[in-house]
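Following the hints, complete the assembly by docking chain B onto the known chain A.
There are 2 protein chains.
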Amino acid sequence: MRISLIGAGNLATRLGIALKKAGHEFVQVYSRTEASAQVLADLLGAEAVVQPNFLHKDASLYICALKDDALPEILKKVEVGNGILVHTAGSLPLEVLKPFAAKTGVFYPLQTFSKEREVDFNTIPVFVESSDKVVLYILKQLAADLGSEVYEINSEQRLKLHLSAVFACNFTNYLYTISSDLLAEQNLPFEVLKPLILETAAKVQSNVPVSVQTGPAVRFDKAVMDKHLALLEKHPAWKALYKELSLGIHQRTKTHQK
Amino acid sequence: MRISLIGAGNLATRLGIALKKAGHEFVQVYSRTEASAQVLADLLGAEAVVQPNFLHKDASLYICALKDDALPEILKKVEVGNGILVHTAGSLPLEVLKPFAAKTGVFYPLQTFSKEREVDFNTIPVFVESSDKVVLYILKQLAADLGSEVYEINSEQRLKLHLSAVFACNFTNYLYTISSDLLAEQNLPFEVLKPLILETAAKVQSNVPVSVQTGPAVRFDKAVMDKHLALLEKHPAWKALYKELSLGIHQRTKTHQK
Numbered sequence: 001m002r003i004s005l006i007g008a009g010n011l012a013t014r015l016g017i018a019l020k021k022a023g024h025e026f027v028q029v030y031s032r033t034e035a036s037a038q039v040l041a042d043l044l045g046a047e048a049v050v051q052p053n054f055l056h057k058d059a060s061l062y063i064c065a066l067k068d069d070a071l072p073e074i075l076k077k078v079e080v081g082n083g084i085l086v087h088t089a090g091s092l093p094l095e096v097l098k099p100f101a102a103k104t105g106v107f108y109p110l111q112t113f114s115k116e117r118e119v120d121f122n123t124i125p126v127f128v129e130s131s132d133k134v135v136l137y138i139l140k141q142l143a144a145d146l147g148s149e150v151y152e153i154n155s156e157q158r159l160k161l162h163l164s165a166v167f168a169c170n171f172t173n174y175l176y177t178i179s180s181d182l183l184a185e186q187n188l189p190f191e192v193l194k195p196l197i198l199e200t201a202a203k204v205q206s207n208v209p210v211s212v213q214t215g216p217a218v219r220f221d222k223a224v225m226d227k228h229l230a231l232l233e234k235h236p237a238w239k240a241l242y243k244e245l246s247l248g249i250h251q252r253t254k255t256h257q258k
Numbered sequence: 001m002r003i004s005l006i007g008a009g010n011l012a013t014r015l016g017i018a019l020k021k022a023g024h025e026f027v028q029v030y031s032r033t034e035a036s037a038q039v040l041a042d043l044l045g046a047e048a049v050v051q052p053n054f055l056h057k058d059a060s061l062y063i064c065a066l067k068d069d070a071l072p073e074i075l076k077k078v079e080v081g082n083g084i085l086v087h088t089a090g091s092l093p094l095e096v097l098k099p100f101a102a103k104t105g106v107f108y109p110l111q112t113f114s115k116e117r118e119v120d121f122n123t124i125p126v127f128v129e130s131s132d133k134v135v136l137y138i139l140k141q142l143a144a145d146l147g148s149e150v151y152e153i154n155s156e157q158r159l160k161l162h163l164s165a166v167f168a169c170n171f172t173n174y175l176y177t178i179s180s181d182l183l184a185e186q187n188l189p190f191e192v193l194k195p196l197i198l199e200t201a202a203k204v205q206s207n208v209p210v211s212v213q214t215g216p217a218v219r220f221d222k223a224v225m226d227k228h229l230a231l232l233e234k235h236p237a238w239k240a241l242y243k244e245l246s247l248g249i250h251q252r253t254k255t256h257q258k
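Chains as they are written, first to last, in the working numbering: chain A, 1 to 258; chain B, 1 to 258.
Bound-form chain A, shown alone:
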């Protein structure tokens, strides 16, 4: 397909590169930041534009990968002609695109993306939505071109999926940050936790998470937990988290039928 990208952030970058590799052609890349537009446009052999109204209306697919709140403002300046307009957001319904195009869809790859970090789309599930059967077919084909597993879900399901990803990825990364900060207080390198972090993630690839839950909270070991809480005196927010997460673990593992 002839694709234009609206946005040049992490997701736009990795998705653009993957689609290019899969044989698709890129026409233009828009970003309000000229350097970002240019870097990605160069990678994709496309033209960089810094004004949304500079986007030509002859692409067959416009992939909008903007921040949620920037999307309506930018899109009202874009003419997509007969092209398909899709967004890539977990938390936006399909209908936000209705004012801007006749053929609309959602193409949501569930992964955490960084510009510089290569990811294998083979292992990434893609969630698609469209009210138009033809568009749906095209989006499924696009996912197949990337080697991705494709799922058709509606906007409500996608929002809940996004929420679950916030717990599994964003919140998890914050726990890594807390643990790294705690180690730093003892002059211990974050290095020592890396194998544990990898193994914790690896374990749930073949086990239901609740079935491999370990730690003092499972048996609500007050002696250990009190020692830990005493160490968190200087960090009231982390202390509160410790209590709530421990209580949650205890209740959840109790109700889990082993």
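Please keep in mind that the hints were generated in silico from the structure rather than gathered at the bench.
The hints are all genuine.
Per label pair, the in silico range of CB-to-CB distance:
(1) B/T33 - A/A70: 55 to 65 angstroms
(2) A/K243 - B/K77: 28 to 38 angstroms
(3) B/V218 - A/F54: 25 to 35 angstroms
(4) A/P72 - B/A230: 12 to 22 angstroms
(5) B/N154 - A/K67: 46 to 56 angstroms
(6) B/N122 - A/A70: 46 to 56 angstroms
Every residue, glycine too, gets a C-beta built ideally from N, C-alpha and C.
Chain B alone, transformed into the frame defined by chain A:
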């Protein structure tokens, strides 16, 4: 060394198997659960015992891998003769062993262990402590036999290390559970989150966690967060966690100098 194991749980099992592979000899395995003692004793070519006072006092090393609160009760029935007595707990000081042996130490491998899941001790850091230089030397050698990186830390540092591991492993696994429960409510398989979970853990192997933090909380995107909170109405505890973790992320990333 001629080793007896006191305990036959996850850690005892994996550590025993690894030490056996490294050429050490096992004399006896104690567990109050006969089946557990027997299974591990068979794996290690040792004798199973279900009473602590059945342990012979001629082993050169006694590795005590019991639950924290069970330890004093059991150890007071064990005679270790001239043997070295070590425990493997993150949250117990070295001194808890003082009443039970002349030569004591701590051998704490930082990993999450399951009986059935093989782990590579090559990648696991081991934290040792002893007030006796000779014991310390022996424990370092033992870690080296396993191919493990070895660190000498005191009991206070180990407790904080254990606390950081609770955040990085136990609490993280609970977040996986929440995300899996949220998916189940939408009839979506946990399968779809697995690549995201792995990538999140993989990212911090080569990046400081705070530097790769993503998600709506970073920019405190109220529109997205309010949608998520509305989905959590039925789960007040998770809703509270969502708010606190989001606030923590926002504050921590704000103070991080990129």
